[in-house]
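The residues making up each chain are set out below.
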Amino acid sequence: MHEEWTDQLSDYLDGELPADERGAVEAHLGSCALCVAVLNDLKRVVARAQSVDARLPQADVWAGIADRIEAGRPAAEPGLAMPFSWRGARRFAFTLPQLAAAAALLMAVSGGIAWEVAARSPEGLRHTTSAPETASEREVAQGFGRDVAQGFSPASGTDPIAADRVVPVGLADAQYDSAVADLEHALEAGRSRLDASTIAIVEHNLQIIDQAINQAREALVTDPANSYLSSHLVEARRRKLDLLRRATALATEAN
Amino acid sequence: MTAVMTLSGDTPATRGLESDVALAAGGDQSAFERLYRAHVARIHSLTRRMLGTQEADEVTQDIFVRTWQKLGQFRGESAFSTWLHRLAVNVVIERRRSFAIQRERMSDDPSALDRVTVAPARADLTVDFEQAIEQLPPGAREIFVLHDVEGYKHREIAVMLDIATGTSKRQLHRARMLLRKYLSGE
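If you read the protein sequences in the order shown, they are chains A and B. Quick note, the first sequence lines up with residues 32 to 286 if you use our numbering. Quick note, the second sequence lines up with residues 4 to 189 if you use our numbering.
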């Protein structure tokens, strides 16, 4: 076999040879039936490769994926990008203000709502350790009380109880903005039924969440591959929807 | 108008998938399952061809779990299928690197020529060809799959695998010559 020629046939077939080498190969092919046969075989291989069909796995693997999503477990393989809460040794390029904003968000949202629940309860602060009396208070106490224990992390976004209460809307801009606008409109309509301190707390928390959203967006512009920032943004937007929904529910219930 | 819509991929089906991408990014697991159903065949085929049947299921799971985690980063600048496919390729490559065998794979092993058997005279030649791909030496196999099956260029493969472009070309030719031997038995 003319290996000095056949070794060039794949590059020739792919158009990877410079003009002079291509010309030399073509000249050789004009007089070598063996190399022409090899070239034709290579063409068959390429054609076959381009015609292979995608095939479903023999056993559906969705159940395993769903289990891992539900559990919030990381992929088993080391080296895969995981959200911050799942990895201990990963470096992140956060600014102190970003971290401070996340911490402030956690404290303000959980603490503020817990205070609000306590303030609305006839039993005052003792209410935080007793059973909530209304559905909305149960929602607030259960949902935001869990934040204190779990922290502001992507994992908390998979909390099945909290997830059930979040408006099931995509976080693409148009859908998200529409959902937020609807809830803000509903909250505004019920504003007169909430006391001033509740309104102040809700607005203050919304301001903090918006600040976190904006900071995450700005950081993603310069570091778009940062999975934590991305998860943080999704989570913050989810929190905003959740807070608006709970506040709207409070206003409705107070009617 | 119909032709334009078809060429651009703007069909009711793709619009539905785009909607599912947005819903899944917001935490809608049912929407994500629909995305999984739409793409699992291609992703599983990629992992099976690149890594072999035994690892394909587990790595396919890894890919979709990672996709779920990273959906918030999808900006819609390319088709979701393109974004997903590139993410899948990255996961597969990471998996291979984690085995720390990338370099030795790229060495020329003359005995590899004997690993690809001549095709038996069977009706299901597509399946046989898939099996022949899996029998390729790993280094040649992944480059063959990326170049001839998935359509990546040598310079893209070189970057993805951190190898020289010339190495990619040599391994591709090696794979083709091995498969030529296989096809000669059909």
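Quick caveat, the hints were computed from the structure, so don't treat them as lab data. Treat each hint with caution, since some may be false.
Stated by the list, open to error - In the DSS-like style, the derived pairs of lysine-lysine whose C-alpha atoms are separated by at most 30 Å in a straight line are:
| hint | chain 1 | residue 1 | chain 2 | residue 2 |
| --- | --- | --- | --- | --- |
| 1 | B | K184 | B | K156 |
| 2 | A | K74 | B | K73 |
| 3 | B | K184 | A | K74 |
| 4 | B | K156 | B | K73 |
In this text, all values refer to a predicted model and were calculated from it rather than measured experimentally.
Each hint, compared with the structure:
Distance check on the hinted pair: K184 (chain B) and K156 (chain B) sit about 24 Å apart at the alpha-carbon level, within 30 Å; holds. Taking the CA atoms of K74 (chain A) and K73 (chain B), the gap is about 39 Å. The hint is violated against a cut of 30 Å. Annotation: proposed proximity of K184 (chain B) to K74 (chain A) holds, straight-line Cα distance about 13 Å (limit 30 Å). Taking the CA atoms of K156 (chain B) and K73 (chain B), the gap is near 26 Å; set against the 30 Å cutoff, the hint holds.
Violated hint: 2 only; the structure is consistent with all others.
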